[in-house]
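One letter stands for each residue in the lines below.
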Amino acid sequence: MSHEPITQSRPAKPADTDHATLRSYISGYVLSIGLTLAAYLVVTHHTASYRWLVAGISGLAIVQFVVQMTFFLHLRAETKPRWKLFVLLFMTLVVLILVFGTLWIMNNLNYRMTPQQINNYMQNQDNL
Amino acid sequence: MSESALDRDTRVIFGFWVYIMTDCVLFASLFATYAVLHNNTNDGPTGSVLFSLPYVLTETMLLLTSSFTCGLAMLAMKRERLQQLVAWLGITFILGASFLGMELKEFHKLALDGNSWHRSGFLSSYFTLVGTHGLHITVGLLWMLVLVWQLNKRGLTRGNNRRLTLLSMFWHFLDIVWIFIFSIVYLMGALR
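Chains as they are written, first to last, in our numbering: chain P, -5 to 122; chain A, 21 to 212.
Honestly, I wouldn't trust all of these hints.
[To be verified] EDC-like, lysine to aspartate or glutamate: derived pairs with alpha carbons at most 16 Å apart: (1) A:K98 to P:D12; (2) P:K78 to A:D43; (3) P:K78 to A:D133.
[Unchecked claim] Partial list, computed: chain A residues near chain P (C-beta under 7 Å): (4) M122; (5) F200; (6) S203; (7) L207; (8) L211.
Bear in mind the hints are in silico, worked out from the structure with no lab data behind them.
Backbone N, C-alpha and C define an ideal beta-carbon position, used for all residues, glycine too.
Model the full structure from these sequences, guided by the hints.
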């Protein structure tokens, strides 16, 4: 294993990083347009079953999320104590629990209540 | 002095990042509400009847392009070209304002046709989710105006550079939220 020197303040030519940043914005923009159009065409052409279409649209949205985080917000350029990335991952965990937990509970309630029970419940609420 | 000031800027930027992540949780709760209610149309119209996909695609492209020009404004800031920076910010503002205009026009049309948030659970959650995003866009546009005014007054000071960095993070974040609104509300809505 070779020990790399600590590169905290790597002296780069301003023009170089400048160019890299411009390239990064342009790649992000082109990729995002491509992914948006792909998702749009998948829907307008109705090429697959409902389940596959939903999976495809979700996949393309997640890829575009990663693309914009990388090329627009430069998340990969962050140096070692990667606090931004940690907060992002924790946010993702909270969001997944929140969204899928909600759907799970609400579908479960829906499944366990008969239409008669729901009507009785709503009438009770009206009488209150 | 300058070392600790630089540290402070880094901390402020990190703090703003944490705010953005908590804002994501706010949007996630609205998305969850929408996901639960999107079939509860109360015998009213569904998303596939109400939404025009080409119209929404145009909105998406406007916002995406404004996110890109906001990045170019950041680049002009790093090159210390004030006029270029103000020009790119101006273009970003016009694109963002056009997006907001199209969204308000859509809301107006829905409300005129009797499909406002009163109509059904589906439309209540739709207006809350998309409206909250529109409110964020409005705040971003106001912020942009104030920043251009500050830049004209004081030029490229360190404080202004920091503000522009925060604004660009906020603007990219709004575009990312819109990807999910576009995919989940409009594209998946059209499938039903």
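Hints and how they fare:
{"no.": "1", "hint": "A:K98 to P:D12", "result": "holds (8 Å)"}
{"no.": "2", "hint": "P:K78 to A:D43", "result": "holds (15 Å)"}
{"no.": "3", "hint": "P:K78 to A:D133", "result": "violated (45 Å)"}
{"no.": "4", "hint": "M122", "result": "violated (16 Å)"}
{"no.": "5", "hint": "F200", "result": "holds (6 Å)"}
{"no.": "6", "hint": "S203", "result": "holds (4 Å)"}
{"no.": "7", "hint": "L207", "result": "holds (5 Å)"}
{"no.": "8", "hint": "L211", "result": "holds (6 Å)"}
Of the numbered hints given earlier, the model fails hints 3 and 4; all others are met.
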